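Peer 1: Make the complex out of the two chains shown on their own, each in a separate frame, by following the hints.
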Amino acid sequence: MAVTAESLKELEKKQAWWWIAEKKRSRRLDYLRKAVWKKGAIGGLYPAGLIVDLERPVLQTEKARELESSADPYVIKFAKILAHVLDNKTIFITDHSQLVGYLGSTPNTITWDPSLASILNHEVINDPQCLPEPLDDSLRTIKDIVNYWAGKSDLDKILPYMDLDDSMKILSGAIGWGVPLARGGYSGKDYEYIMTGKRAFEDIIAELDRRIDDAYAKAHEPSASKEISNLYDKINNWEAMKITLEAGIRYAKRYARLARIIAENFETDPARREELLKIARTCEHVPAKPPRDLQESLQYDLFIQLFSRNEAIEGAWPARPDYYHGPYYEKDVNVDRVLTEEEALDLVGEFLIRAYEVSQYKPKWSREGLQGIEGTWVWTLGGVKPDGSDACNGMTIALLKAARLVRVSNPTFAFRWHPKVSDEVMRECFECIRQGLGYPSMRNDPVLVANAMHWHGHPIEEARTWVHQACMSPAPTTKHGFQPMRMANATANTAKIIEYVFTSGYDNIVNMQIGAETPPVETFKSYEEFFQAWVTQMKHVFSLVVRPVNRGRMLAPTLTPRPFLSAVSERSVESGLDVNDPSISRGNAWITAFTWVENIDSLAAVKKLVFDEKKYTLAELKEALANNWEGREEMRLDFVRNAPKWGNDDDYVDSIMLDCLREAAKFSRELKCPSGNSWPILPENVSGNIHYANVVGALPNGRRLGDALYDGGISPGPGLDKKGPTAVLNSCAKIDHITHGRAFLLNQRLSPTQMAGEKGYQLCKAYMKTWADLGIDHVQFNCVSDETLRAAQRDPEKYPELIVRVAGYSAHFVDISRKTQDNIIQRTVQGLA
Amino acid sequence: MARMSRDEYAKASGVFGVKPGAGSAVEDLDKVPERPCGLCKHCLEVAWSSDGRGSCNVLKEGSDITCDPPVFVLEGKNGYMMRLLTDASRCTYYERNEFIDKDGFECSDPVFRRFIRQLRDK
Numbered sequence: 001m002a003v004t005a006e007s008l009k010e011l012e013k014k015q016a017w018w019w020i021a022e023k024k025r026s027r028r029l030d031y032l033r034k035a036v037w038k039k040g041a042i043g044g045l046y047p048a049g050l051i052v053d054l055e056r057p058v059l060q061t062e063k064a065r066e067l068e069s070s071a072d073p074y075v076i077k078f079a080k081i082l083a084h085v086l087d088n089k090t091i092f093i094t095d096h097s098q099l100v101g102y103l104g105s106t107p108n109t110i111t112w113d114p115s116l117a118s119i120l121n122h123e124v125i126n127d128p129q130c131l132p133e134p135l136d137d138s139l140r141t142i143k144d145i146v147n148y149w150a151g152k153s154d155l156d157k158i159l160p161y162m163d164l165d166d167s168m169k170i171l172s173g174a175i176g177w178g179v180p181l182a183r184g185g186y187s188g189k190d191y192e193y194i195m196t197g198k199r200a201f202e203d204i205i206a207e208l209d210r211r212i213d214d215a216y217a218k219a220h221e222p223s224a225s226k227e228i229s230n231l232y233d234k235i236n237n238w239e240a241m242k243i244t245l246e247a248g249i250r251y252a253k254r255y256a257r258l259a260r261i262i263a264e265n266f267e268t269d270p271a272r273r274e275e276l277l278k279i280a281r282t283c284e285h286v287p288a289k290p291p292r293d294l295q296e297s298l299q300y301d302l303f304i305q306l307f308s309r310n311e312a313i314e315g316a317w318p319a320r321p322d323y324y325h326g327p328y329y330e331k332d333v334n335v336d337r338v339l340t341e342e343e344a345l346d347l348v349g350e351f352l353i354r355a356y357e358v359s360q361y362k363p364k365w366s367r368e369g370l371q372g373i374e375g376t377w378v379w380t381l382g383g384v385k386p387d388g389s390d391a392c393n394g395m396t397i398a399l400l401k402a403a404r405l406v407r408v409s410n411p412t413f414a415f416r417w418h419p420k421v422s423d424e425v426m427r428e429c430f431e432c433i434r435q436g437l438g439y440p441s442m443r444n445d446p447v448l449v450a451n452a453m454h455w456h457g458h459p460i461e462e463a464r465t466w467v468h469q470a471c472m473s474p475a476p477t478t479k480h481g482f483q484p485m486r487m488a489n490a491t492a493n494t495a496k497i498i499e500y501v502f503t504s505g506y507d508n509i510v511n512m513q514i515g516a517e518t519p520p521v522e523t524f525k526s527y528e529e530f531f532q533a534w535v536t537q538m539k540h541v542f543s544l545v546v547r548p549v550n551r552g553r554m555l556a557p558t559l560t561p562r563p564f565l566s567a568v569s570e571r572s573v574e575s576g577l578d579v580n581d582p583s584i585s586r587g588n589a590w591i592t593a594f595t596w597v598e599n600i601d602s603l604a605a606v607k608k609l610v611f612d613e614k615k616y617t618l619a620e621l622k623e624a625l626a627n628n629w630e631g632r633e634e635m636r637l638d639f640v641r642n643a644p645k646w647g648n649d650d651d652y653v654d655s656i657m658l659d660c661l662r663e664a665a666k667f668s669r670e671l672k673c674p675s676g677n678s679w680p681i682l683p684e685n686v687s688g689n690i691h692y693a694n695v696v697g698a699l700p701n702g703r704r705l706g707d708a709l710y711d712g713g714i715s716p717g718p719g720l721d722k723k724g725p726t727a728v729l730n731s732c733a734k735i736d737h738i739t740h741g742r743a744f745l746l747n748q749r750l751s752p753t754q755m756a757g758e759k760g761y762q763l764c765k766a767y768m769k770t771w772a773d774l775g776i777d778h779v780q781f782n783c784v785s786d787e788t789l790r791a792a793q794r795d796p797e798k799y800p801e802l803i804v805r806v807a808g809y810s811a812h813f814v815d816i817s818r819k820t821q822d823n824i825i826q827r828t829v830q831g832l833a
Numbered sequence: 001m002a003r004m005s006r007d008e009y010a011k012a013s014g015v016f017g018v019k020p021g022a023g024s025a026v027e028d029l030d031k032v033p034e035r036p037c038g039l040c041k042h043c044l045e046v047a048w049s050s051d052g053r054g055s056c057n058v059l060k061e062g063s064d065i066t067c068d069p070p071v072f073v074l075e076g077k078n079g080y081m082m083r084l085l086t087d088a089s090r091c092t093y094y095e096r097n098e099f100i101d102k103d104g105f106e107c108s109d110p111v112f113r114r115f116i117r118q119l120r121d122k
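Chains as they are written, first to last, in the numbering used here: chain A, 1 to 833; chain B, 1 to 122.
Here chain B stands alone, though its shape is the one from the complex (with noise of 0.2 Å):
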């Protein structure tokens, strides 16, 4: 594999998913759209923090979901890092998860579970 610049890579990973230019902006963070990555059933909250990341399920690595046309690329090794309040609306492969407990703690699952204020009451 061709190797990316720092830039590229950061922007493809989302490793810098929280800095300004790369996420979304902080008065953005209540904006909870109709169909949010964080409630579809391919989504993948980011075990690792609850700061709004996930990585999808079925998409790869390269696809963008918010532009327009969308971009969808289903062939790849690393899944598509979004941000749990990305705007799906333009997603096809977008399935709303039927949560079974919105309790944090007790549904440890991190497929099921969604640990941000913003999606508490969804």
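Chain A with its partners taken away, still in its complex shape (with noise of 0.2 Å):
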């Protein structure tokens, strides 16, 4: 069909935004969207014609071997082992493209790193879908890998650290999500030593050279001290670093020297082979030098990415594209003119394809929570700068554009919204919005930096480098305020909290004693007891999941070292320290919370019920939950529609939400990290309202065993917001969200017919206005009506590319499970007037 303004009006109207999004691009583009294998899970299995890559645990495997013998201390082993990955791993250039590298040795593949875990690794071998045939040769490979890594991974070297019990509870799966790895997680990078164009690969070789040349004269001086003896650790350190830049470097130049070859035989087109020498020129020059023009930063940038992601698994992607790509492309755009906005769209759209098709093996866990995706490659647009003027640029609005172009589920977009972001660039968010990308989440910059500063004490200019560590959290790109790891065990199925109250601690689903041993439920005389159990059972959850992370953290250096991370932070070149030294990070952990709004609205509901009106007892109730409601419907269904619900500005039940926001904060700054920093709490799910369904039982809500938990981490329970947006946001209002958490996620839908044309975008700019009014730090959209959703549940192969916002996160609503889509449609439709 021919593209015509009409053709492409008629499909506006039938919101087949993909469809627009093929037509629009250019033929690169549309070619590369089309080649790229899609990498997340359907559900929770990883889709067909994916395979398990045994290219790089081989080598890893036969490295370690050979290095067994030698008197390198662990880290230069390390090193050597990433270092023999990158130098031998099989490269290729996928047609058309501009920007190379990738983590697998061909584009089907999900790496897999066997050093990590050995749990992760014997679910490779117990995969059902994805190991490549013929199996039998490759199950003889696995088991030869995971059978010399067993007793020998990370997790391994770390469980005898830890404490068993909370060990234990955590691998139960049932209040956890995640292990306290420093080579599992997400990791943040200092952006503003290793992106700001002053310094590449070379320059810190060179200063890590100078260092170890200082550091070994001094080790030998006439003189002994501890300093001294830690000098030898620290030149451990510094030459493992060097190891994996030169590493790097040599990546790089393998790709220069494939591009020149195929460029110099092979390729027939004189464009295709200008372009091939190009990719050479750019990977001759980065990561080495400093990046001269937009290709050059954005290859550059990709690689630090894939370095990275050899070395660890990370589950997000912290980034501020439009800021650290900005200037390169101000100056190729608009000062020297050598490319056309189409051009650098290509790369752009290009940069996310390539970031779309990065994919680690990951565990069961990982994969359901996050259905549809790799990870949370979250990245951040807009915001300030630190100076406080705004950072917007034409970056900016190449990404958001380019976004709506090859309209992938990973990465996304959140933008930091503040008074001076220009009208020209909220048009563009807002038809990202409206075109059912369901990104950018909207993010309130000044109450976001009041956070950081208030939690972790960033200083201002810091605060101001802000971007998302993973979903939702802030941190700064800078030397002492950069996370170079959350650990994903942090996270909490916080529905648990109120469950255990009703059983003592004792864990039904999963057979074991978890929670606090707080008296039996039914010998509460008063709300105010019960709460107090809720608090004591909070307390001991949050410890549960931190204290692991803690002592993750203070092992990781010795353990579980991570030489190129620290390789690129200004902070480990300087100190000779592992990047993730507790003593040279300000600190910036928090708590995920998943599942929270539960324990808020069955409070409200035992409070109303029981004690107020008198209409039960605990006991009834406890034997109620405990056979899931079972015989008792009509009761159940008293405790949904009779007890206030959270999210219609009914102080009854906000005040309880306010009660245990205010005693979780407090509690947070008794939780410490090994920075000495605090522990605050962030109430978002991603996909683990459904991941964790399962395995949370009955509650007070009228919620069964099962049953979808809610969404968000502040949003209402879907439907039960019954008053409008207004209400949802006055509700959401009454939260400080400077002092009583880190963030606070709400999802909202919004209808697309009401958003359509300029009056759309009128009203959303009307509700953008009252929620930054209120001081709420984020809301994120779907903009996709429950036809088009009800459509690609009956014929999905129709909507292969059809977008939702989860949570954290957007996903092709094709990959989520069935029980996610319907969560989905059951959130309330907001109707702006």
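There could be a bad hint or two in this list.
Here's a subset of chain B near chain A, in silico, CB distances under 10 Å, partners left out [to be verified]:
| # | residue |
| --- | --- |
| 1 | LYS31 |
| 2 | SER49 |
| 3 | SER55 |
| 4 | VAL71 |
| 5 | LEU74 |
| 6 | MET81 |
| 7 | LEU84 |
| 8 | ASP87 |
| 9 | ARG120 |
These are calculated hints, taken from the structure and not from any lab test. Just so it is clear, the structure is predicted and the values come from calculations on it, not from any experiment. Where is the CB? At the ideal position from N, CA and C, for every residue including glycine.
Peer 2: Okay, here's the thing in structure tokens:
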């Protein structure tokens, strides 16, 4: 069909945004978008056609075996193994691409790092779907690898030093989400050090050489002290850093060579030949030297991200691409005019696609909790510069436009809104939301800058550099402020708090005593006593998820070092300490509180129906919950219908939310990370509300075992917000978004019909003004009609590119489980007036 | 409760369930017994991972169904940790589950789901 204004209008009327994107994007982007392999798990399993890449684990294992008899300390052995992988892995260049580098040996592979956790290695052996054929050969190779790393993986090394009781509770899968490993979580980057164009790998290598020489000289002076003893460890760390940087440069030069070979020997199209030569020149230059143009800047960034993911499994991608690539965009497009806007869009769109294809084999809890995506690649746009002025630039707009053209579900964007953002940029954000991407999520920058200063003491100039460490939590990109690892382990399934009040901490789903042994619930005489039991359970659960992370973080520098991440971090290059050493970090920890709002609605139901109206006793309720409400449907409906629900601007229940948050905030100050900073909570869910649906028992809000949990961090239960969008905002605004917690996720659904045209933009703008004035820190939107979503459920093959906002991330609708799909449809569509 | 040594605790709890000596040898991971725990209705696959661990809804910590004669502990706090491929031929509490489907993601209740390749066609 020819692309005409009429045909586009017709498609727009049908909200068929994915077809519009296909018609509008360049031939290059169209090819690259269609050629990329989707890596996010469908429900909990990897999509058909993907295979586990055995090349990397074979390389890792052969080098590890070779180094067994080496006199090198572990950190240097580790760096040499990483270098061996980068030096020998298969490389390829996708047709039409201008950016190169991938984790696996072919585009359809999922990479597997067997040195991380034996538990994960066994998941690979057990994988029902994506082991390469012939299966017997693969299994032979896999078993050899698994046998080698048994007892040697990071988790095997860490566990003997952990509290086994805590570990057992975490591994039950009932309350925690993740492992306390420094090479498995969310790694921030010191972008102020590495991405400002002031230095690149060769500069850092020169700096490391100077430091090694100085330390070596000092260590051999006629003297002895603790400082001199420490120098030996520092020298090892510096040498390991250098090994990884040199390997990175060699890896890029392999690509340069490959591109040049193809260009000079095989490519017949002169235009493509020139592109390949440009790739060669780019990879000869970066990451060795600082980038000179947009392509080099994007390639440099991509290399850093890939090296870091060769070193660790990274579940997030903290980034601020408009801020760091913006100067190169401006120079190429507006100053030197060596790129047209369309050519720049090709590069920016491909950058999104290259990120979308990154894949690392992850455990089931991660695949289920992040259905449809590989990890929370939430890139931060907008915001302010350290001096407080608007940071938006041409690259901000290019990224928002490119997102609508390539429509990948990962990365997504989060936009740092502030009062100085131009109308032009806001319209671009709105257009992404209106076109159903579910992103950018909107973040209230002034509130979150203040929040970063309040909780972690980041100086204002550093707080203003913040990026999303994962879905939601801000972290600076500065020397002492950036967070090298946020271990997902500090994620609590908080619906268990209220459940454990009724079971005295015994978990009937996984058959373990996990919570605190509070008195039998039927003995409580007042709501205050009942609430105090909730506080006790809250403290117990939060401590349980935090303790292993603190311990893991303290053990990390010695047992599970990260020489590459250290090498691109000013504090490690300067100090010679591993990047995870708490003594050189300010600390930016937070507890992700999954399934939080169930507590509020449950406490309100107990307060009203048991203590105020005395319709039921706690003993009756305990029995009903133990029996999953069986035989008590009338009673259950009473708890659903006649108890107040969060999100309706009702002080009765809203005040309970505040009580809970105040107690949690108070306790957050008592919980300390190894850097001595606080552990504030951050209510949000990703798709944990579905993952945990099966392990949270019946609750007093009327929920049964297996029912989907609420979707947001402070979103009302689906369909339970009966009083409109203003009431939702008013409830949320009662929370102090600076002092009550680190951030609060709010999902809202808007009507696509209402969002159409200029009127739609003005409505959205008015809504955003109210949201900002009320000081709420976050909101994100789904803007896809029930009709479209139900049609996609009926005929998924017709809607492969339909994107929805799940929680802290977006996903293709057809890649999430039926239960998650239903949960999204159930969310109230807010009519804006 | 008396404190156990770390080693005793690790063995009893299965926290190191995948390490040699404490769990199945890798070579055995494709040997599916006639009556594996993973097909029993009392088996709860650990929700956290699909490395092949589970806990029993009937037997408690201290049980051992692999020795002869087997040890059945029915009282206690924590469930008996086993592996999905543990041979349950000596377990008198074994009841084979009737699976409603084998689709690892449509059937999302872990009680009824077996995520591992070795049980895919059983």
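Peer 1: Now look at each hint and say whether the structure bears it out.
Peer 2: Evaluated hints:
1. LYS31: Violated, because the Cβ-Cβ distance from LYS31 (chain B) to chain A comes to roughly 12 Å (cut-off 10 Å).
2. SER49: SER49 (chain B) check passes; min Cβ-Cβ to chain A is 5 Å, inside 10 Å.
3. SER55: Hint on SER55 (chain B): holds, closest Cβ of chain A at ~5 Å, below 10 Å.
4. VAL71: This hint is violated: VAL71 (chain B) lies away from chain A, its Cβ roughly 17 Å from the closest one there, beyond 10 Å.
5. LEU74: violated (12 Å)
6. MET81: Hint on MET81 (chain B): holds, closest Cβ of chain A at ~9 Å, below 10 Å.
7. LEU84: holds (8 Å)
8. ASP87: Violated. Min distance 17 Å.
9. ARG120: holds (5 Å)
Going down the numbered hints, you'll see the structure goes against 1, 4, 5 and 8, while the others check out.
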